[in-house]
Amino acid sequence: MMSEVLSDRPTTSRTSALSARPSGPEPVLRVQNLEVTYYTDAGRAKALDDVSFTLSAGEKLGMVGESGSGKSTLALAMMRMIKPPGRIEAGRVIVGDTDLTGLDDDAMRKARLSKIAYIPQGAMNSLNPVMRIGAQMVDAVKSHMNGESRSSIGDRCAHALKSVDLDASVFRMYAHELSGGMKQRVCIAIGILLNPQVIIADEPTSALDVVTQRQVMETIDRVQKEINAAVILIGHDMGLMAQFVDKVAVMYAGRLVEVSTVREMFTDPKHPYARALISSLPNLDNKGVFQGIPGLAPSLLRLPTGCAFHPRCTHAMDICGTTRPEVRMLASGRVVTCHLFNEEA
Amino acid sequence: MRTLWLVVRRFLFLILVIWSASTITFIIPRFSPRSAIRERFALLARNGGFSPGDLEKIITAMQTQFGLDKPLLQQYVDYMSGVLRLDFGYSLNKYPSTVIDLISQALPWTLGLLLVTTILSFLIGNLLGAIAAWPKAPQWLRAVATPFVLLTGVPPVLMGVLLLFFVGFRLKLLPLGGAYSIGVIPNWSWGFALDMAQHQILPALALIFGSVGGWVLSMRGMGITIQGEDYVNFAEHKGLDGVSIFRDYYLRNALLPQVTGFALALGTVVTSAIIIESIFFLPGIGTLLQDAIKSNDFPVIYGIVLFITITVATLMVAMEFVYPLIDPRIRKQ
Ligand SMILES: Nc1ncnc2c1ncn2[C@@H]1O[C@H](COP(=O)(O)OP(=O)(O)OP(=O)(O)O)[C@@H](O)[C@H]1O
Ligand SMILES: [Mg+2]
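Order-wise, the sequence lines are chains F and G. Okay, so the first sequence: first residue is 0 according to numbering that gives the first Met the number 0, each after it adds one. Okay, so the second sequence: first residue is 0 according to numbering that gives the first Met the number 0, each after it adds one.
Treat the hints as calculated values from the structure; they're not laboratory data. Keep in mind that the hints are not guaranteed to be accurate.
Counterexamples of contact, computed for chain G against chain F with all Cβ distances above 10 Å [claimed, not checked]: (1) PHE12; (2) THR22; (3) LEU119.
Just some of the chain G residues that point at chain F, by a computed CB distance under 7 Å [what the hints assert, rightly or not]: (4) ASP229; (5) TYR230; (6) PHE233; (7) LYS237; (8) LEU239; (9) ASP240; (10) TYR248; (11) ARG251; (12) PRO327; (13) ARG328.
Ideal placement from N, C-alpha and C gives every residue a C-beta, glycine not left out.
Here chain G stands alone, though its shape is the one from the complex (with noise of 0.2 Å):
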């Protein structure tokens, strides 16, 4: 029973972040000065497409097109019923796609790329961590995790253009950017799925450097307090094996508010998609918004950040159902 009112809760809460969400996203372009569609074709005239006579006709047009001439209930119940069904509208730039379109083209890029990194910083600063802040461990592998702690002073954009330059330009080791080589059509191949994972490398490395030192500071200072928990000194005092009590004892207990970490990590996947997303000319939402943000196309800019903001209010959400699994006191509350 109370854990039905958990889920209804949790869900009324969900619902507000989106409504909120959209009906900011709702409000202001509407309230603002500026008119997209004619700061858009304003520009379009600029460079001779049309006569600047045609321009209020044409903005006229579109407004009609796009509802714009509706009343504002009227349209704000429409709009509402378009993010219910994820249609957020039309892009200017690239009408007649969808904005919705064109995040799903973008997003299997940045998912692939900052989910799989995401993950492994997560699995490999935590593991260092541990052993950086656990005695028994040999001298040198809990040295391991050090060069990551320096690393965490060197911002991103750095980081990429570093790689870029010794392992890319110099040692010629890996492709400068781009999402595969060009001249290659994409295919369902080995070859390709190759040449694609080539790509992936340097931004890879650069996202994992740049962020498993902030998990390995986390998770030693954690460790530095779990490791003298009577609990791991009472599995010594059992003759539990070394591997055992980090494993189980240790580990497991330090683990529990990384994991909460890592949800909020995910909240921040968009901002360094669209840092290593232009460093190394990728596609992905990173690079989708600052197109959009470059080209005055409001819808996609609205879009994405709406997208986001339900993406990350719903995994917290989903935190919260996951946190009772891995840590049994809080299933009773």
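Looking at chain F on its own, in the form it has when it is part of the complex (with noise of 0.2 Å):
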């Protein structure tokens, strides 16, 4: 059972050479050593823990983990849109060449949209209900672009909406108009007003029936394909995921314990609570038999010392409960964060 866990080599730790990836086009978007707190009267909530990915163009990533393991919090903490009593303490966000987190707050609010594009959890709520939805997209692009012409910005509209295949009339409609799954059209739409090289979307089908799911993710890859940027896709559903996405990112307890491919992922995954996850999707052969993770996710105030994990972890050794295991990249390419992967271990 070890050795064939250990088959993979691994090679360095630490992150900057994570994103030394030796294959694949020159990386759109890097996440350097990212962590994020909430300050709360309970104590302190270290959300994030040094999280670092690299995505090129055109690539999807899937990124999955229970409630509360801090998706939504990397992707606000992508855009520099942590709000008290958060805090970005440390990392860095790089898209294309420009280093977001030294913008200043003006420069970081242009990049927001048309570097960055953030599609939010809840579409239902993300559209104002008092301003028509051809309203909400020419502010966007009028905060962006300056002295463009209203027709430039009319079509450019026009264009996301019908990328989107929503009808040119929604454009005079109101939010309580629309469809749950036109919402997140809608939404969508915004986010590729502007061709940015980076989208992110929360949950984008979470609301949604199986249906509508496959449509708006379908929508998404084409869109994706068009402006050919990078996606990351925050979902809890990983068959629907597996069905769009390239590489799979599984997080636990603010920080990355796996990325993967999606073949990769399913057929082999490497840290044992990405095993678990896949192990308790449902299919044919175990019918019946649904298969849980045993424990409770644990509280982010009273973290486990060591590997976070380590306490509903059925691979656990003695160096889990005391050593916190370093991000580590597999001669594969593959990145894990586990002390089974420890060349000496």
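Make the complex out of the two chains shown on their own, each in a separate frame, by following the hints.
Take a look at the structure:
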């Protein structure tokens, strides 16, 4: 068992090495050692801990993890929209050749939507009820493109609506006149208005029925190809995600515990938590036997020492209770944060 | 079709309110044991205006003149048709002035002061309240609302008296009362307008200080809810500038329930008028009502009550048609 796990030899630790991944084009998004803490009354909650990953243009990353594992926090940190009591403690977010962490507030405001777009969790309530959809698209364009002519703004909005398969008449409508799926599409249309290099969609399908879920995912897929953006899809539904993304990242208690391609993740997950996630997916062979993950997700305020997952881990070793595992890149290019893959384990 | 039905329903409601209010003001004086005319002339007789023996004769003559000797039903029909023409009869005290004459003389004063201050308080209070709840506003700006909130604890009477004492009496910055300076004859000149405006400042301040805090409190509560809404966050994700987010996404939504509050506040205008007009010796509906009460001028009292009822009911119905204009979600229903 151990030998099978160890067949991938780890190479370097620390994340600087991770961004210098050998193959593939120049990354369009580099997230380095991102760290976010919420200073709550009950204490400090480290919601993001040393999170690093890279994405190339046209690449799609699925971000999964239990509720509260820090997925939305990661997205908000990348947008530099963490609000008090939260604070970005460390790390860098680089889009193209712009280091977002170094921008002043006004430059960051301009970077939102034009370089990096966020399609929020809960698109149902993300549209202003008293403004027409069109007005909410136009103001977004206007705030980034000073002096753009009316007709050119209009064309841009019309094109975005068309890209997400919405009728041009939606432009004159109000949010309450749209279905949930249509609202989600409007949010996507707004997200692609300025052809950003990175699009983050936070649970874009969670409030939709299965048919609409697929349509929305296909829409994201199509517009993503159209503007060749890097996409981060946050969600819980591994099955749905598997059909659309290239890579899957698994978060646990604020850390990225594994980043692998979809194929690798589904056929040979490395991290014990990722394995548990995959084996808890229903399939025809284990029909009726629902396999959950024993134990509860830990409170960020009282994280277990060492590896946060060790109390629930079936492979836990002595070292897991005492020492925090490093982020490691295996020879195959997969990233795993687990002592099982230490050279000397 | 639905809209038409709504209009008809609201209109019927309005008629119902006016009809009930006028019926009540018709019934009460006629079925109360007191007689307005008798009390009025008994008072005059006591003061020696004429011999008590003539009293009954005068009363009978007056009752004939006011139509009080006719059958009740006839009186009711006459009364109601009068109401329809906004004819509330004659004042007993200031006969032969009609009630509606007196109201229309007093009304511009009250409206000029109260309408302006109510609107100003609404604008100032809501803006300050919205800013106070907006986390991105500068700290000092957010704090501007606080003194107004503290002032809501001061009763309007005290507020008026304090202003009079310090600003008017001690500092002698502004006149102590009245609508214009004594000895000045009202005319259409800038000088007179300025004189009048000076007399309105203290009462206006008393009214504004008294009501801004209320708006601040309700708006701040609303603002705290709205600023956490997903659409406000998404506006920020879109990279909009702070002013646009504040104005178009936050303020516009937070204001919606306040507009209903505004209509209700217009209904309390007369109460404030009575207090403020009597402290500052200003002409207006409040003073008219007070004088009428003091002199048992029942037609004027009932006329004012009825007039206010009709005005408030009309405003409420009008609000129902204004609301869809500011909230598109109501339009569909
Ligand atoms: N404003 C806040 N104040 C305090 N703690 C917060 C705040 N926002 C998030 N957290 C904490 O940060 C952690 C991560 O939250 P986050 O919203 O990123 O989770 P998530 O993975 O997106 O969950 P979900 O799948 O439910 O959306 C949670 O434990 C949460 O309690
Ligand atoms: Mg989330």
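Checked hints:
no., hint, in the structure
1, PHE12, "holds, 26 Å"
2, THR22, "holds, 41 Å"
3, LEU119, "holds, 24 Å"
4, ASP229, "holds, 4 Å"
5, TYR230, "holds, 5 Å"
6, PHE233, "holds, 4 Å"
7, LYS237, "holds, 4 Å"
8, LEU239, "holds, 5 Å"
9, ASP240, "holds, 6 Å"
10, TYR248, "holds, 5 Å"
11, ARG251, "holds, 5 Å"
12, PRO327, "holds, 5 Å"
13, ARG328, "holds, 5 Å"
No hint from the list above goes unmet by this structure.
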